[in-house]
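Heads up: the sequence shown at position 61 corresponds to 61 in this note's numbering, and the numbers run straight through without jumps.
Each hint should be verified, as a subset may be incorrect.
Said to hold, decoys possible - Derived pair list, reagent style DMTMM-like, types lysine to aspartate or glutamate, alpha-carbon separation capped at 20 Å:
{"id": "1", "residue 1": "K42", "residue 2": "E13"}
{"id": "2", "residue 1": "K42", "residue 2": "E3"}
{"id": "3", "residue 1": "K30", "residue 2": "E44"}
{"id": "4", "residue 1": "K48", "residue 2": "E27"}
Hints were generated in silico from the structure; no laboratory data involved.
In this text the structure is predicted, and so the values were computed from the model without any measurement.
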Amino acid sequence: MSEQPWTIERIQEALGSPSLAQRFLSEINKAPAHRLLHVFAKWERIAKDMDAAFEDSDAIVAAAERGEEPPGDWIDGSERLVAHLG
Numbered sequence: 001m002s003e004q005p006w007t008i009e010r011i012q013e014a015l016g017s018p019s020l021a022q023r024f025l026s027e028i029n030k031a032p033a034h035r036l037l038h039v040f041a042k043w044e045r046i047a048k049d050m051d052a053a054f055e056d057s058d059a060i061v062a063a064a065e066r067g068e069e070p071p072g073d074w075i076d077g078s079e080r081l082v083a084h085l086g
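Modelling step: build the complete structure from the supplied sequences, incorporating the hints.
Given below as structure tokens:
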């Protein structure tokens, strides 16, 4: 992850979805002055989580392209899926 400071623009870009970015901008623009930091912190956490998820997905795709097992711990839910679709 980048060490750049989180800004409104960076949060908007990290969200990766136009509808989420619009929701963020709406909330930050409508927040009263005393709530701005709270709203910013909430969306900063969301953006950081999404940024990490995208980073993880890039590693998974790269491993799959190399024919390797994806990194991390995975739970095989095949049996549950087959039972559910039964």
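Measure nothing beyond the straight line between the CA atoms of K42 and E13; if it is 20 Å or shorter, mark the hint as holding. It holds: about 15 Å lies between the C-alpha atoms, which stays within 20 Å.
CA of K42 to CA of E3, is that 20 Å or under? Holds, at roughly 19 Å.
Is the hinted pair K48 and E27 satisfied, with a Cα-Cα distance of at most 20 Å? holds, 18 Å
Checking one constraint from the list: CA of K30 to CA of E44, max 20 Å. Satisfied? Roughly 17 Å separates the two Cα atoms, so the pair holds.
In summary, this structure violates none of the numbered hints.
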